[in-house]
Amino acid sequence: MFQTPPDYPAWLPQFLNELTRLLGLKMNWNDFGPVLLILWTVVIFTLIATAAITSVTFLVLMERKVLAWMTQRKGPNRVGPWGTLQTFADAFKLLFKEDIMVDGQDKFLFTIAPAIFFLPAFVFFGLIPFTDQLLAVALPAGALFVFAISSISVVGIVLAGWASNNKYSLLGGMRSAAQAISYEIPLVMAVLAVVLFTGTMNIGQIVQAQQGGFWNWYGILLTPLSLVIFFVAALAEVNRIPFDLPEAESELVSGYNTEYSGMKFALFFLAEYASLFAMSAFTAAFFMGGYYSPFGPFVMSLISGQEPAQMTGLLQLALQIEMLFWFILKTYAFIFLAMWIRGTLPRLKPDQLMGFSWKFLIPLSLINIFAIAIEKYVMLPPANGKTVLQSLPILNAQTVMPWAGWLVAVSVVFWLFFVLMSRLLSEKLEARLARR
Amino acid sequence: MTISEIPGVHTEQGLKTEDLVINIGPQHPSTHGVLRLVTTLNGEVVKDMEPIIGYLHRSKEKMAESRSYFQYQPTLDRVEYLSSFYDHFVFVTAIERIANLKVPKRVHYIRMITMELNRITSHLLWFGTFLLDLGATSPLFYAFREREEVFKLFEDLTGARMMYNYYRFGGVNADLPPGWIAHCRDFVRKMPAIIDEYESIVTQNPIILDRTVGIGKMDMETCLKYGVTGPSMRAAGVSQDLRKTNPYACYDEVEFDVPLGKHGDVYDRYLVRMAEMRESCRIIEQCLDKIPGGDTQNILNKQAEIEAARQAAKEKGEDPKAIPDIDFDWQTQGQKINLMTYKPPAGEAFVACESPRGMLGCYIISDGTPKAYRMKWRGASFSNLSVLPELMIGNLYPDLMAIFGSLDVILPEVDR
Numbered sequence: 001m002f003q004t005p006p007d008y009p010a011w012l013p014q015f016l017n018e019l020t021r022l023l024g025l026k027m028n029w030n031d032f033g034p035v036l037l038i039l040w041t042v043v044i045f046t047l048i049a050t051a052a053i054t055s056v057t058f059l060v061l062m063e064r065k066v067l068a069w070m071t072q073r074k075g076p077n078r079v080g081p082w083g084t085l086q087t088f089a090d091a092f093k094l095l096f097k098e099d100i101m102v103d104g105q106d107k108f109l110f111t112i113a114p115a116i117f118f119l120p121a122f123v124f125f126g127l128i129p130f131t132d133q134l135l136a137v138a139l140p141a142g143a144l145f146v147f148a149i150s151s152i153s154v155v156g157i158v159l160a161g162w163a164s165n166n167k168y169s170l171l172g173g174m175r176s177a178a179q180a181i182s183y184e185i186p187l188v189m190a191v192l193a194v195v196l197f198t199g200t201m202n203i204g205q206i207v208q209a210q211q212g213g214f215w216n217w218y219g220i221l222l223t224p225l226s227l228v229i230f231f232v233a234a235l236a237e238v239n240r241i242p243f244d245l246p247e248a249e250s251e252l253v254s255g256y257n258t259e260y261s262g263m264k265f266a267l268f269f270l271a272e273y274a275s276l277f278a279m280s281a282f283t284a285a286f287f288m289g290g291y292y293s294p295f296g297p298f299v300m301s302l303i304s305g306q307e308p309a310q311m312t313g314l315l316q317l318a319l320q321i322e323m324l325f326w327f328i329l330k331t332y333a334f335i336f337l338a339m340w341i342r343g344t345l346p347r348l349k350p351d352q353l354m355g356f357s358w359k360f361l362i363p364l365s366l367i368n369i370f371a372i373a374i375e376k377y378v379m380l381p382p383a384n385g386k387t388v389l390q391s392l393p394i395l396n397a398q399t400v401m402p403w404a405g406w407l408v409a410v411s412v413v414f415w416l417f418f419v420l421m422s423r424l425l426s427e428k429l430e431a432r433l434a435r436r
Numbered sequence: 437m438t439i440s441e442i443p444g445v446h447t448e449q450g451l452k453t454e455d456l457v458i459n460i461g462p463q464h465p466s467t468h469g470v471l472r473l474v475t476t477l478n479g480e481v482v483k484d485m486e487p488i489i490g491y492l493h494r495s496k497e498k499m500a501e502s503r504s505y506f507q508y509q510p511t512l513d514r515v516e517y518l519s520s521f522y523d524h525f526v527f528v529t530a531i532e533r534i535a536n537l538k539v540p541k542r543v544h545y546i547r548m549i550t551m552e553l554n555r556i557t558s559h560l561l562w563f564g565t566f567l568l569d570l571g572a573t574s575p576l577f578y579a580f581r582e583r584e585e586v587f588k589l590f591e592d593l594t595g596a597r598m599m600y601n602y603y604r605f606g607g608v609n610a611d612l613p614p615g616w617i618a619h620c621r622d623f624v625r626k627m628p629a630i631i632d633e634y635e636s637i638v639t640q641n642p643i644i645l646d647r648t649v650g651i652g653k654m655d656m657e658t659c660l661k662y663g664v665t666g667p668s669m670r671a672a673g674v675s676q677d678l679r680k681t682n683p684y685a686c687y688d689e690v691e692f693d694v695p696l697g698k699h700g701d702v703y704d705r706y707l708v709r710m711a712e713m714r715e716s717c718r719i720i721e722q723c724l725d726k727i728p729g730g731d732t733q734n735i736l737n738k739q740a741e742i743e744a745a746r747q748a749a750k751e752k753g754e755d756p757k758a759i760p761d762i763d764f765d766w767q768t769q770g771q772k773i774n775l776m777t778y779k780p781p782a783g784e785a786f787v788a789c790e791s792p793r794g795m796l797g798c799y800i801i802s803d804g805t806p807k808a809y810r811m812k813w814r815g816a817s818f819s820n821l822s823v824l825p826e827l828m829i830g831n832l833y834p835d836l837m838a839i840f841g842s843l844d845v846i847l848p849e850v851d852r
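If you're matching them up, the sequences are chains A and B in order.
FYI, in this note's numbering the residues of the first sequence are 1 to 436.
FYI, in this note's numbering the residues of the second sequence are 437 to 852.
Derived from the structure by calculation, the hints contain no laboratory data.
Quick caveat: nothing in here was measured; it's all calculated off a predicted structure.
Even glycine gets a Cβ: it sits at the ideal position worked out from N, Cα and C.
Treat the hints with caution; some may be incorrect.
[Unchecked claim] Going by beta-carbon spacing under 10 angstroms, a handful of chain A positions derived as facing chain B:
id : residue
1  : 85
2  : 89
3  : 250
4  : 347
5  : 350
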């Protein structure tokens with residue numbers, strides 16, 4: 001059903017063969033598969049990571065611009081054209097800041113904590129399928145690996161909080177541990193719905209399963225609830241408002257990074273935005289069709305009349321750029337949403353945060369998985385080749401089947417989404433006020 | 437050895453926990469000035485709290501005994517820097533009461549307009565910083581947008597944006613500049629819609645509700661016990677507003693409601709302050725309609741008019757003295773007083789007004805010299821702050837920010 005995303009593109013050995021022939025050597029690079037794989041992974045990962053760090057500096061600027069726009073201010077507009085060099089100026093300034101070490105700090109842990117915090121954000125970039133070829137590692141259990149890795153940043157925060165010799169930081173670190181443990185569960189369970197549909201944890205294959213228009217994207221019709229749960233949990237995972245409890249600058253005086261200055265602080269800052277980018281990218285990949293265009297075929301296919309797999313040379317390059325465009329567009333839509341939420345919502349309390357996860361999100365994601373299982377049973381053919389609907393004699397017509405299945409699925413999901421969400425999430429104001 | 441036998445780790449009830457003593461402030465972003473709260477936390481639950489004040493002591497009461505009244509007056513701006521019109525008002529009114537000065541009606545109206553505008557700016561800043569304490573950043577910037585408009589009005593009127601020093605004994609420093617009333621009316625007309633905008637982002641926000649509803653409840657007994665006044669008291673359902681119960685200036689000539697809460701929690705304090713801004717707009721609009729003398733009442737112009745009329749009468753052969761002098765009842769009478777050497781007669785007076793934070797009082801004993809014999813201030817923030825430990829104990833650490841923010845304490849007013 002799925003093509004495995006290529007470990008390395010077919011042109012790579014040919015290219016290397018030509019190169020070595022020019023050098024006077026006769027080598028068949030096709031025989032060196034593992035070497036090529038490592039080479040390609042390193043090249044692509046370096047490329048993506050470099051682009052990502054640049055993109056993160058842009059995110060800082062974007063956040064300031066978006067928030068300024070929402071609060072009717074101007075934002076940075078002095079350094080460079082339209083203030084575009086502002087974050088570079090900030091980074092330059094941070095480089096020259098004094099690296100303060102307070103008495104009584106655990107110097108070793110204090111120093112490595114930002115690096116540990118940064119690690120998962122960096123690893124994420126190797127797993128993001130930007131296009132079908134611009135993907136550093138196509139892990140068979142990629143989706144699982146993402147969540148396994150994402151917990152590591154908590155270690156960084158807890159260490160930073162502990163090593164700072166500051167009570168605010170300590171509280172921030174403790175909050176972070178509780179928060180990460182609570183929100184990991186709905187995050188994984190939301191993706192479980194997608195894994196149920198596709199039957200694979202390979203992120204590239206999950207994206208492939210959504211090709212052919214926005215009605216095939218999981219987040220639109222099939223599992224919209226999973227999309228919501230995933231995005232909310234992802235916001236908590238990357239400590240964004242309203243879940244920015246570890247930082248909580250007005251309560252904990254920036255929490256775990258109170259004592260950090262200069263580049264160590266910048267690392268925390270950078271990692272936070274890198275994680276935000278990565279989590280938005282995963283939301284786009286899991287639920288919004290990744291690099292596929294929203295209206296069926298790619299623009300490049302429409303222009304050239306060729307299938308994506310048949311394209312070669314410059315046309316393939318153009319197709320890759322188009323895929324990248326769609327992916328980045330979707331990712332930035334989610335990043336913008338996160339910034340929008342930051343402009344709107346205040347911060348929760350720790351007990352409410354825990355309650356929201358354990359009493360609301362986790363039960364909801366369990367119900368969601370149950371509904372998805374029913375939906376899949378009704379809609380997609382099980383191993384014997386016929387869905388429940390197809391085995392009914394009255395509906396046994398090829399044209400009716402997909403539509404009937406679709407209708408049932410949509411009604412199940414939408415009932416869940418609207419009835420449950422409206423009941424549970426937005427309690428009536430009066431009822432809420434009557435609790436006093 | 438079981439885990440419960442390890443000393444210091446386990447108790448019979450469960451894991452042994454240690455209390456965390458944390459000094460919140462004086463530089464903490466949520467203490468709005470320099471307040472130190474020595475807080476004992478058990479986990480994130482506040483077990484004990486003691487506010488420690490005095491880092492900002494301005495010795496305002498002692499200062500009054502070494503300066504003449506007029507020299508002392510400009511320093512008053514720094515007492516409650518968010519609504520300094522009120523400090524000036526009680527100070528000036530106390531002097532007027534001692535000296536039995538008659539204040540023209542127009543001056544009363546100008547004072548009412550400026551004080552109500554000042555209430556709006558003060559509540560706006562409270563709105564922004566309170567929500568900033570809860571983690572929402574946007575409302576702060578929205579609030580500053582409108583504050584800026586009022587500051588423009590104040591700048592036109594007094595020449596200053598925050599430290600006004602505009603009121604004088606028996607009057608005000610200068611009359612309203614031309615066109616000021618129209619600008620003020622524009623602002624007051626559009627302000628209710630802007631408050632709607634604020635409310636749309638805050639009032640029914642589920643997270644705001646979760647963080648404020650039922651938090652920091654204060655009933656009438658607590659309010660009376662600690663002397664809490666102002667919106668914090670009215671949120672508990674106590675209808676106590678000096679503008680209604682003990683009208684000063686011309687507050688008995690305007691119509692307005694006193695917004696009341698029911699439960700006395702943080703959310704009600706928020707609602708009361710938002711409603712008060714609307715009521716302030718109502719009061720200002722009525723004042724602008726009723727203000728005697730209309731748009732502007734420039735003394736020099738008036739003097740020139742009278743001189744011209746007298747000259748014309750003289751040329752016609754009539755008696756120029758038949759044309760009356762300037763009717764000083766319309767004027768800013770304060771300009772007739774020589775301020776630098778002003779000596780009120782011996783006597784004493786206590787004047788209180790309803791400041792944005794509650795009852796603000798000034799007690800002056802005059803011995804007939806240019807300096808006060810004794811002066812005492814009653815700041816609302818001092819009493820409002822004293823109730824904080826009672827509200828806090830047993831609540832969570834983040835609630836501290838919500839509750840402390842909702843009391844709207846200004847530290848210079850606490851330490852005076």
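Hints, verified against the model:
1. 85: Interface hint status for residue 85(A): violated (24 angstroms vs cutoff 10 angstroms).
2. 89: 22 angstroms, violated
3. 250: With a minimum Cβ separation of about 5 angstroms from chain B (threshold 10 angstroms), the hint on residue 250(A) holds.
4. 347: 3 angstroms, holds
5. 350: This interface hint holds because 6 angstroms falls under the 10 angstroms limit.
When held up to the earlier numbered hints, the structure conflicts with 1, 2 and fits the remainder.
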